[in-house]
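Counting in numbering that gives the first Met the number 0, the sequence shown runs from 0 upward without gaps.
Hints in this document: simulated from the structure, not taken from any laboratory. No false leads were slipped in.
With a straight-line Cα cutoff of 16 Å, these simulated EDC-like cross-link-like pairs (lysine to aspartate or glutamate) come out: (1) LYS101 / GLU75; (2) LYS76 / GLU97; (3) LYS107 / GLU75; (4) LYS53 / ASP64.
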Amino acid sequence: MLLRRIFGRILSSAAKADHPGAASISVRNPLEEFFELDRSADDDKRLVYGRSWKANELRLKSWDDLNKLWYVLLKEKNMLMTQRQMLNAQNLRFPNPERISKVTIVLK
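All chains, please: the whole structure from these sequences, using the hints.
In structure tokens form, the structure reads like this:
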């Protein structure tokens with residue numbers, strides 16, 4: 000484990016040195032993916048989302064594309080569930096609760 004820490008630091012510092020603009024890139028916390036940051040809780044307007052995929056369109060996709068799509072949907076579901084739990088803890092209403100059921104149906 001100590002070797003992993005040492006080599007991890009060496010490799011990460013070497014990777015940063017390879018990219019001259021690395022200092023200007025902001026590091027994003029992976030936990031931010033559990034929250035919808037670009038939307039305020041006061042937005043009550045109806046959001047319009049993209050159309051659903053048809054079965055014949057999905058059949059044309061590769062396995063890798065379908066796997067990536069499933070993973071994106073899983074992250075979306077986790078983000079929605081986290082947001083709902085956070086708002087429920089603050090006694091606030093969860094906007095657009097139908098999004099969770101739509102994502103759950105697609106994941107099946």
